[in-house]
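S.K.: The chain contents come next:
2 protein chains.
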Amino acid sequence: MGIGRRRILFVISAPSGTGKTTICERILQKIPDLKMSVSHTTRKQRPGERHGIDYYFVDKETFQEMIKNEDFVEWAEVYGNFYGTSKKVINELLSGGSDILLDIDTQGAKNIKKLYPASVLIFILPPSIKELERRLKKRNEEEETIRKRIEKASEEISQYIFYDYVIINDDLERAVSEVFCVICAERLKKDRINGKLMDKFKNGR
Amino acid sequence: MGIGRRRILFVISAPSGTGKTTICERILQKIPDLKMSVSHTTRKQRPGERHGIDYYFVDKETFQEMIKNEDFVEWAEVYGNFYGTSKKVINELLSGGSDILLDIDTQGAKNIKKLYPASVLIFILPPSIKELERRLKKRNEEEETIRKRIEKASEEISQYIFYDYVIINDDLERAVSEVFCVICAERLKKDRINGKLMDKFKNGR
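If you read the sequences in order, they're chains W and P.
Everything in the first sequence is counted per our numbering, starting at 3 for the first residue and increasing by one.
Everything in the second sequence is counted per our numbering, starting at 3 for the first residue and increasing by one.
Because the hints were derived from the structure by calculation, they are not lab data.
Glycine is no exception: its CB is placed at the ideal position from the N, C-alpha and C atoms.
A hint or two may mislead.
Below, in silico cross-link-like pairs of lysine to aspartate or glutamate (EDC-like), each with a Cα-Cα straight-line distance of 16 Å or less [as the list claims (entries may be wrong)]: (1) K191(W) to D166(P); (2) K191(P) to D166(W); (3) K116(W) to D35(W); (4) K192(W) to D166(P); (5) K192(P) to D166(W).
Derived CB-CB ranges, DEER-like [claimed, not checked]: (6) T147(W) to D172(P): 46 to 54 Å; (7) G98(P) to K150(W): 44 to 52 Å; (8) N142(W) to T24(P): 50 to 58 Å.
Calculated from the model, a selection of chain W residues having no Cβ within reach of chain P, i.e. all distances over 10 Å [said to hold, decoys possible]: (9) G21; (10) R28; (11) I55; (12) K70; (13) E72; (14) D105; (15) D107; (16) R137; (17) R141; (18) D166; (19) C183; (20) K191; (21) K192.
Pulled out of the complex, with its shape left as it was, chain W reads as follows:
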């Protein structure tokens, strides 16, 4: 039904190992008019990854230049690699009429909220730290990597307070449908209606 409404920026954050990537993939399948923003990164391109689809792969010099030019709405260094969300990418998607899904960390999410106060921040939690540890071990990650990630996860979980929604991924199907409901509900908010709803009912008579 065509009530005009403002476009929405959805942000999903979750500690590594929480299932965020799978959830995002499933959500994009379920909501085809939701677009994932593609990040810039200095991390090495892995086999199968496509430039401009999975990431924009750039070298450190280019990334530093972009930081200087304030081209990013948010950027972060994670395990020695840089990741950033370009203003240009976001603005092109918004002006193209899309709602946007961003997959970024808690620090980036806070920056987004400052720049776009109407954005919607969703935090995905593992059922427990113990379960997160079990999942990371199953991935055959190194002891040291697991330790670092658990430490980072605990730190990140304490940031849930800055988010609008908190979803626990103890069942993937449920977590996916909960994220789906959040996106659906946010699109129905009265505050997002753009223009004069009443006109529709005056003209409709």
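Given the coordinates of chain W, assemble chain P onto it according to the supplied hints.
M.R.: For chain P alone, coordinates are given in the frame of chain W:
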């Protein structure tokens, strides 16, 4: 998953003929732990209606007495009959741990929001006034009744501005799933988490 959270009062309003009753019935089937609050009314009991389930049927004297005693969170006179939502009924449901669904008019909804600022107000719209008129005619209502209802509907629609969510019922299935999503999403709001989420993650280790 057991994060403790505060109970929620959901209010649904819609002009007569918008399909609100059907939507509420379907939502209660889909969400068994959501309880409909039973209203008091002075309107005559219709065949098949059950006291204490469809309404609490009371006489005008009892109703007036309850108004005097401030027993209602909201009450209204509609076409010569009185309808009211009793504080006692609401409080018993809330202390029983239920989320509540209230089916009340725009004036009542505004009172609820004043008394319970964390309540969630959902407004259901017909696709257009013309379609509403067609639906009312199909019910074989009298000319005069239809005229009155259309007038009231136009007045009510202008009140959408006080609501949190606006849903258009041009397709029943979609409208039901949109109300479902609103209820699901509201239950996931960080602000509704009761107590210390972090404790769970400290203990869980």
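S.K.: Determine for every hint whether it applies to the structure shown.
M.R.: For each hint, the structure was consulted:
no.	hint	in the structure
1	K191(W) to D166(P)	6 Å, holds
2	K191(P) to D166(W)	6 Å, holds
3	K116(W) to D35(W)	25 Å, violated
4	K192(W) to D166(P)	5 Å, holds
5	K192(P) to D166(W)	5 Å, holds
6	T147(W) to D172(P): 46 to 54 Å	52 Å, holds
7	G98(P) to K150(W): 44 to 52 Å	46 Å, holds
8	N142(W) to T24(P): 50 to 58 Å	53 Å, holds
9	G21	14 Å, holds
10	R28	16 Å, holds
11	I55	29 Å, holds
12	K70	35 Å, holds
13	E72	30 Å, holds
14	D105	18 Å, holds
15	D107	17 Å, holds
16	R137	13 Å, holds
17	R141	19 Å, holds
18	D166	6 Å, violated
19	C183	4 Å, violated
20	K191	6 Å, violated
21	K192	5 Å, violated
The structure shown violates the earlier hints numbered 3, 18, 19, 20 and 21.
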